[in-house]
Amino acid sequence: MPITQDLSILSLIAEASLIVKFVMAILAAVSFTSWYWIFRKWFAIGAARRKTAVFEREFWSGGDLNHLYQSASNDRHNSGPMERIFESGYREFSKLRAKNASPETVVDGARRAMRATYQREIDELEAHLAFLASVGSVSPYVGLFGTVWGIMNAFRGLSNVSSATLAHVAPGIAEALVATAIGLFAAIPAVVAYNRFAHDIDRLSIRSESFMEEFSNILQRQLR
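Here the sequence shown is numbered in UniProt numbering, starting from 1 and rising by one per residue.
Incorrect hints may appear among the rest.
To be verified - Simulated pairs of lysine to any residue, SDA-like, Cα-Cα distance not exceeding 20 Å: (1) K51 <-> H77; (2) K51 <-> D200; (3) K51 <-> S79; (4) K51 <-> R203; (5) K51 <-> Q119; (6) K51 <-> H67; (7) K51 <-> S61; (8) K51 <-> L65; (9) K21 <-> F145; (10) K21 <-> W149.
Hints listed in this document are in silico derivations from the structure and should not be mistaken for laboratory results.
Put together the whole structure using the sequences plus the hints.
Structure representation (structure tokens):
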């Protein structure tokens, strides 16, 4: 490996060994992909929170349930998770009540319909969170592999040098450490985003479960 005093990041990457360059390329691709999903999930979860808050205000303002159901049915594309849960539950409630089913059957059917929709909504919000978790946990080790490989090459290069100095070792070690830096650059945002998104989804999940229980009680009272 040639000795160079140019320790700029671009120079270190350009002069790294093939294996280290391959590791850096993988980490860079993973980092760009994770940032893509970070922004996607950020917008999706933010929209879900806003739409949930709007629907909760409308629902608990005492509006007519039939009107809320029609509004949710006519604009499903722009409705939020809780609104779709309400729609599926009320649709099943209306269907079973029209068939003169027993009150217990009607409420249980509405609860099952809401539970199924709730699970689909949470699964959609949690999609690709596992990828962010994997990036956060694996990227530092991938970068460390590149660093170890680069340091091994740097020390192998000293076998042809009669007297080793810092000028011989520093460039090789520096370019190897760039792999660890890229690994941390990929991992840290992924970990922070994963923890934040998981927290927000948990809060939405709790709000949805509370709504399902309260709405089930409302439906049960309507059957009395």
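Okay, the hints, checked on the actual structure:
1. K51 <-> H77: holds (12 Å)
2. K51 <-> D200: Holds - the C-alpha atoms of D200 and K51 are around 14 Å apart, at most 20 Å.
3. K51 <-> S79: Satisfied, since the Cα-Cα distance of roughly 7 Å is no more than 20 Å.
4. K51 <-> R203: holds (14 Å)
5. K51 <-> Q119: holds (18 Å)
6. K51 <-> H67: Measuring from Cα to Cα gives roughly 17 Å; hence the hint holds.
7. K51 <-> S61: Cα-Cα ~15 Å, so holds.
8. K51 <-> L65: holds (17 Å)
9. K21 <-> F145: holds (12 Å)
10. K21 <-> W149: Holds, at roughly 11 Å.
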